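Residue numbers (UniProt numbering): 1 to 153.
No lab work stands behind these hints, which were simulated from the structure alone. Mixed in with the good hints there might be a few duds.
Unchecked claim - Simulated restraints on C-beta separations:
(1) I148 / G62: 36 to 46 Å
(2) G62 / G86: 22 to 32 Å
(3) R56 / F129: 20 to 30 Å
(4) N119 / G62: 26 to 36 Å
(5) P22 / E132: 38 to 48 Å
What the hints assert, rightly or not - Mimicking DSBU-like on lysine-lysine, the simulated pairs with C-alpha atoms at most 35 Å apart in a straight line are:
(6) K44 / K16
(7) K32 / K44
(8) K113 / K87
(9) K103 / K5
(10) K113 / K45
(11) K134 / K32
(12) K25 / K113
None of these values were measured; they are calculated from a predicted model. Here a beta-carbon is modelled for each residue, glycine too, at the ideal position from N, C-alpha and C.
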Amino acid sequence: MANQKDLEDMQKEWEKFSKAAPGLKVPPPAFKELSGEFVSYVRKKEMVCSFYVEPRFSNPMGVFQGGFLAAAFDNTFGPLCYLAAGKPTTTLELSVSYIRMVKENQRITVQAKVVARGNQHIYLEGEAFDEEGKLLAKSTTQVLILRIPSGAA
Numbered sequence: 001m002a003n004q005k006d007l008e009d010m011q012k013e014w015e016k017f018s019k020a021a022p023g024l025k026v027p028p029p030a031f032k033e034l035s036g037e038f039v040s041y042v043r044k045k046e047m048v049c050s051f052y053v054e055p056r057f058s059n060p061m062g063v064f065q066g067g068f069l070a071a072a073f074d075n076t077f078g079p080l081c082y083l084a085a086g087k088p089t090t091t092l093e094l095s096v097s098y099i100r101m102v103k104e105n106q107r108i109t110v111q112a113k114v115v116a117r118g119n120q121h122i123y124l125e126g127e128a129f130d131e132e133g134k135l136l137a138k139s140t141t142q143v144l145i146l147r148i149p150s151g152a153a
């Protein structure tokens with residue numbers, strides 16, 4: 001879990017979105033479904049989350065299904081993008097390179113960082129690790145910063 005100061009800082013930043021997006025759910029249901037936890041946050045630069053690999057998310061070989069690992073990346077990139085942009089964002093592209101199988105019944109860690117930011121886009125990269133610190137996958141994403149009416153956020 002993230003330390004209390006990290007959580008408080010994140011919460012204050014999330015509150016800014018309430019006017020622009022009244023139905024915004026933080027964290028999103030998908031984050032909760034994957035038993036996500038915020039581990040750390042460096043303001044507008046980096047975020048680390050962890051996710052529990054439940055057997056119900058495994059493929060027939062008993063390995064965490066790739067789409068769920070992609071969702072873990074997306075569920076880490078998403079909150080970081082919103083906070084980095086100070087506005088809602090949406091994923092334009094998400095790429096995952098799978099390096100090794102992800103075993104069930106463990107907590108994996110996803111580290112995400114902002115690589116570059118323009119007026120309309122943010123580029124991020126991330127890595128996923130198992131409980132032993134072994135690299136599981138790498139990911140990159142590009143998100144669009146959504147325009148919201150001035151004074152709404």
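Status of each hint after checking the structure:
One distance hint, 36 to 46 Å for the beta-carbon pair I148 and G62, holds here, with the actual separation near 44 Å. Distance hint check for G62 and G86: the Cβ-Cβ separation is about 42 Å, which falls outside the suggested range of 22 to 32 Å. Our hint of 20 to 30 Å for R56 and F129 holds, since their Cβ atoms are close to 22 Å apart. About 45 Å separates the C-beta atoms of N119 and G62, a value inconsistent with the hinted range of 26 to 36 Å.
A hinted range of 38 to 48 Å holds for the C-beta pair P22 and E132, which are about 43 Å apart. Restraint check for K44 and K16: satisfied, since their Cα atoms lie roughly 14 Å apart, inside the 35 Å limit. The hinted pair formed by K32 and K44 meets the criterion: a straight-line CA distance of about 22 Å does not exceed 35 Å. Taking the CA atoms of K113 and K87, the gap is about 17 Å. The hint holds against a cut of 35 Å.
Pair hint K103 plus K5 holds up; C-alpha atoms about 32 Å apart against a cutoff of 35 Å. Annotation: proposed proximity of K113 to K45 holds, straight-line Cα distance about 6 Å (limit 35 Å). As the CA atoms of K134 and K32 are separated by approximately 24 Å, the hinted pair is consistent with the 35 Å bound. A C-alpha spacing of about 22 Å is found between K25 and K113, which places the hinted pair at or below 35 Å, so the restraint holds.
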